[in-house]
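Using the hints, position chain U against chain V.
The listed protein sequences derive, respectively, from chains V and U. Per our numbering: the first sequence = residues 1 to 379. Per our numbering: the second sequence = residues 1 to 393.
The reader is advised that the hints may include incorrect statements.
Ranges of calculated distance between the beta carbons of each label pair, as one might list FRET restraints [said to hold, decoys possible]:
no.	chain 1	residue 1	chain 2	residue 2	range
1	V	14	U	48	39 to 49 Å
2	U	56	V	7	36 to 46 Å
3	V	8	U	344	27 to 37 Å
4	V	60	U	267	37 to 47 Å
5	U	214	V	14	50 to 60 Å
6	U	33	V	375	49 to 59 Å
7	U	314	V	47	52 to 62 Å
8	V	14	U	386	55 to 65 Å
9	U	88	V	336	28 to 38 Å
10	U	345	V	15	54 to 64 Å
11	U	243	V	6	39 to 49 Å
12	U	137	V	134	51 to 61 Å
DSS-like, lysine-lysine: derived pairs with alpha carbons at most 25 Å apart [stated by the list, open to error]:
no.	chain 1	residue 1	chain 2	residue 2
13	V	132	V	268
14	U	87	V	268
15	V	377	U	385
16	U	332	V	268
To be clear, the hints were calculated from the coordinates, so they are not data collected in a lab. Computed from a predicted model, the values in this text were never measured in an experiment. Cβ coordinates follow ideal geometry from the N, Cα and C atoms, glycine included.
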Amino acid sequence: MSLILSEEQAMLRDTAQSFLAENAPVAHLRELRDRHDADGFSRSLWATFAELGFTGILAPEAHGGLGLGHVEAGVVMEQIGRNLTPSPFLSSALLTVTALVRGADEARQAEWLPKIISGELIGALAVDEGPKHRPPAVSLRAERAGTGFRLNGVKSFVVDGHVADLLVVAARTGGAPVDQAGLTLFVVDAKAPGLTVERTVMVDSHNAARLRLENVTVDADAVLGQADGGWTLLEGVLNVGRAAVASELVGVADEVFGRTLSYLRERKQFGRAIGEFQALQHRAAHLYTEIEIAKAAVINSLQTLDESFEGAAAAVSVAKAKAGSVASLAVQEAVQMHGGMGMTDEYDIGLYMKRDRVLNELFGDPNYHADKLARLKGY
Amino acid sequence: MSDLQAFRHETRAWLEANCPAEMREPVRSEGDVCWGGRRWTFQSQAQRQWLERMAEAGWTAPEWPRAYGGGGLSREEAKVLRAEMAKLGCRSPLNSFGIWMLGPALLRYGTEDQKRAYLPPIVRGEIRWCQGYSEPNAGSDLASLQTRAEDRGDHWLVNGQKIWTSYADQADWIFCLVRTDPAAPKHLGISFILFDMESPGVSTRPINLISGKSPFCETFFDNVQVPKSNLVGELNRGWDVAKYLLTHEREMISGMGNLEGSPSIGALATRTLGLEGGFLADPMLRGQIAAFDVDAIAFRLAMERTGDMAKARQAHPAASSMLKYYGAELNKRRFELLMAAGGADALEWEGERSRDGDLARSWLRTKANSIEGGTSEIQLNIVAKRILELPGG
Numbered sequence: 001m002s003l004i005l006s007e008e009q010a011m012l013r014d015t016a017q018s019f020l021a022e023n024a025p026v027a028h029l030r031e032l033r034d035r036h037d038a039d040g041f042s043r044s045l046w047a048t049f050a051e052l053g054f055t056g057i058l059a060p061e062a063h064g065g066l067g068l069g070h071v072e073a074g075v076v077m078e079q080i081g082r083n084l085t086p087s088p089f090l091s092s093a094l095l096t097v098t099a100l101v102r103g104a105d106e107a108r109q110a111e112w113l114p115k116i117i118s119g120e121l122i123g124a125l126a127v128d129e130g131p132k133h134r135p136p137a138v139s140l141r142a143e144r145a146g147t148g149f150r151l152n153g154v155k156s157f158v159v160d161g162h163v164a165d166l167l168v169v170a171a172r173t174g175g176a177p178v179d180q181a182g183l184t185l186f187v188v189d190a191k192a193p194g195l196t197v198e199r200t201v202m203v204d205s206h207n208a209a210r211l212r213l214e215n216v217t218v219d220a221d222a223v224l225g226q227a228d229g230g231w232t233l234l235e236g237v238l239n240v241g242r243a244a245v246a247s248e249l250v251g252v253a254d255e256v257f258g259r260t261l262s263y264l265r266e267r268k269q270f271g272r273a274i275g276e277f278q279a280l281q282h283r284a285a286h287l288y289t290e291i292e293i294a295k296a297a298v299i300n301s302l303q304t305l306d307e308s309f310e311g312a313a314a315a316v317s318v319a320k321a322k323a324g325s326v327a328s329l330a331v332q333e334a335v336q337m338h339g340g341m342g343m344t345d346e347y348d349i350g351l352y353m354k355r356d357r358v359l360n361e362l363f364g365d366p367n368y369h370a371d372k373l374a375r376l377k378g379y
Numbered sequence: 001m002s003d004l005q006a007f008r009h010e011t012r013a014w015l016e017a018n019c020p021a022e023m024r025e026p027v028r029s030e031g032d033v034c035w036g037g038r039r040w041t042f043q044s045q046a047q048r049q050w051l052e053r054m055a056e057a058g059w060t061a062p063e064w065p066r067a068y069g070g071g072g073l074s075r076e077e078a079k080v081l082r083a084e085m086a087k088l089g090c091r092s093p094l095n096s097f098g099i100w101m102l103g104p105a106l107l108r109y110g111t112e113d114q115k116r117a118y119l120p121p122i123v124r125g126e127i128r129w130c131q132g133y134s135e136p137n138a139g140s141d142l143a144s145l146q147t148r149a150e151d152r153g154d155h156w157l158v159n160g161q162k163i164w165t166s167y168a169d170q171a172d173w174i175f176c177l178v179r180t181d182p183a184a185p186k187h188l189g190i191s192f193i194l195f196d197m198e199s200p201g202v203s204t205r206p207i208n209l210i211s212g213k214s215p216f217c218e219t220f221f222d223n224v225q226v227p228k229s230n231l232v233g234e235l236n237r238g239w240d241v242a243k244y245l246l247t248h249e250r251e252m253i254s255g256m257g258n259l260e261g262s263p264s265i266g267a268l269a270t271r272t273l274g275l276e277g278g279f280l281a282d283p284m285l286r287g288q289i290a291a292f293d294v295d296a297i298a299f300r301l302a303m304e305r306t307g308d309m310a311k312a313r314q315a316h317p318a319a320s321s322m323l324k325y326y327g328a329e330l331n332k333r334r335f336e337l338l339m340a341a342g343g344a345d346a347l348e349w350e351g352e353r354s355r356d357g358d359l360a361r362s363w364l365r366t367k368a369n370s371i372e373g374g375t376s377e378i379q380l381n382i383v384a385k386r387i388l389e390l391p392g393g
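Excised from the complex, chain V in its bound form (with noise of 0.2 Å):
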């Protein structure tokens, strides 16, 4: 497998840039934030991502998707990336699809996925309970009620939670919030009475929600995947997530880091462009590289969710774990190198440096990553 797009792909990443910068630039995030949008999102571009199918891109095609891949996924991802675009693609398309794909049976995927691909109903998934991602400790219990579940307990940091119609919701079964034993997913609805959605206005603009369950009532056929034994399916949705957004923050650091190189060629000091001054030429040099870096351990743990998604694990930590630190960096060295001006509200980087921010936290951070590629190599 070679690790550079198909054509296919190529093009793909070509309409979705053109789009994108054409129709949800910075700007548009600026605008959202400035007249603190209900949503926080615009509900018209989300309908032109269904048009353009980006919404069923992990879809089967008999449920009327694209039945494409991840690599696809990762694609756009990147370019919602270089423009700080708030949409609930990845909520929505990616992590509900996949835990519908991979966790509910053909009747319900056949109810739901339409509807999905279409922009009518958007999915949102919840799992941490917590300030840090720590998907074992799940302690929100779901318990047997009649013929089907019990939903009480708390969920933070769901992306999209205040704008879902439907919720991927990670409960325990059984064992306790440490235990990867004992898990299990439930489809639950958004209007469910007993569910209180509390939006969190967060640094970056983007959406995010806290969930509070009082004794909210599912059916058994609400469950993904075996109950208890949920553990693989919401791994797998993570994976799918956690490279995602690895993605997203390539996206994030080559496009400030292309920003920063225009700003090193224009700035004048001291009579000359700044670029001019090896200091700054080769910290230039070495951001470069670890973006180069990064892109690589990206684009193979996409090719290696399609290949094989059950032994994705280390692939994805760490294409994470890579992009998230070489994200940071990027962010970091762009401020610093725009000088005063990165400080500004008007300039551009500094929304980049809070998207960055949310995005590593966002799945688990270069070091639950890089903890959990010692734990797979057994140190």
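Showing chain U alone in chain V's frame:
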């Protein structure tokens, strides 16, 4: 079954039948590596057999044309061969500057006669080459080299001194940068010539390094006569050949940052420190090793991706500088961590237990990685100017 799958099956069967068991043991020290050449003493019958069989198949230089003794494999087939060798744990049959550096330059710049004369003995491991580039006053500023080659009608007369010539004392031939036009601007008066190290007037003196070993030499040329036909490429255009060859040298050195076949730091630390609750007993060291492993795996993928991009004509010609820089720094970091993982055991310098201080000497050797083949700072200059096109200088 695709052609490539068929090739994989055939290759695996051939390797299983032809690679001696002893050549499937991990390389434990420099002494296990085969360099070939006129003066080479094989360590074992297995080492000789392995080289001869691989050379016969052309697989010591898998991607070179069959006409010059190579394997004639495509890039994909060569990848399969490397992967299958790695699976079986096969040692490299031959380490060779001829294969890694001179060969690619000859394939591009050599005459048909030169290719036919020099390439097959390289494939067979019969001639060992060394590289005459650096001089005492031409290191990072290589193009200011002063070794002269004067045109004496039927031959070149070479006088001067090289330094950091790897294994010059064991090499049979040298590929050498010489100044053929002292009046021209410095990059435009250099030529690339080849000559026998047994020529009268050539002498070498090993340089003792901090590792206690002497892989590098000072090399002196005192009225050495070199046939005119030993010029590679055009007269006074040797800098083009030199730069092309340097990209291959950089790829070779950055390959040292590669994971395969190198000791696992996690495994060594587990032996010295033990596990507590399933985790390495030193959590700070564990974190550093894990962060290193992330970088090392990602770097290996970046090397592979750069190769794929080169094939698709998407790679920047200066990409080797990026890889050389990162690979060298990564390898230094690897050995710092190996030393930390090894603790006091890694400090032993002599004796059977440490195989004469193998780890400590290797650790010290890696400090040259970011100096040889162009320092890390020079690589960063090249990336900044040629890839990023930053202004100045």
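Using the Cβ atoms, figure out if residue 14 of chain V sits within 55 to 65 Å of residue 386 of chain U.
violated (26 Å)
Holds or violated: the 37 to 47 Å window for the beta-carbon distance between residue 60 of chain V and residue 267 of chain U?
Cβ of residue 60 of chain V to Cβ of residue 267 of chain U: about 42 Å, so the range 37 to 47 Å holds.
Tell me if the beta carbons of residue 214 of chain U and residue 14 of chain V are separated by a distance inside 50 to 60 Å.
Cβ of residue 214 of chain U to Cβ of residue 14 of chain V: about 55 Å, so the range 50 to 60 Å holds.
Take a quick look at whether residue 132 of chain V and residue 268 of chain V sit within 25 Å of each other, Cα to Cα.
This hinted pair is violated, its Cα atoms lying about 43 Å apart.
Between the beta carbons of residue 314 of chain U and residue 47 of chain V, is the distance compatible with 52 to 62 Å?
Given about 35 Å between the Cβ atoms, the range is violated.
Against the 25 Å threshold, does the CA-CA distance of residue 377 of chain V and residue 385 of chain U hold or violate the hint?
Distance ~39 Å between residue 377 of chain V and residue 385 of chain U Cα, so the pair is violated.
Consistency of beta-carbon spacing, residue 344 of chain U to residue 8 of chain V, with hint 27 to 37 Å
violated (57 Å)
Restraint status (C-alpha distance of residue 87 of chain U to residue 268 of chain V at most 25 Å)
violated (55 Å)
Given the hint of 51 to 61 Å, check if residue 137 of chain U and residue 134 of chain V actually sit that far apart at their C-beta atoms.
Cβ of residue 137 of chain U to Cβ of residue 134 of chain V: about 59 Å, so the range 51 to 61 Å holds.
Does 54 to 64 Å hold as the CB distance between residue 345 of chain U and residue 15 of chain V, or does it fail?
holds (58 Å)
Assuming the hint says 49 to 59 Å, is it satisfied by the Cβ distance from residue 33 of chain U to residue 375 of chain V or not?
violated (34 Å)
Tell me if the beta carbons of residue 243 of chain U and residue 6 of chain V are separated by a distance inside 39 to 49 Å.
Given range 39 to 49 Å: violated, Cβ gap about 33 Å.
In the structure shown, a violation is registered for the earlier hints numbered 1, 3, 6, 7, 8, 9, 11, 13, 14, 15, 16, in ascending order.
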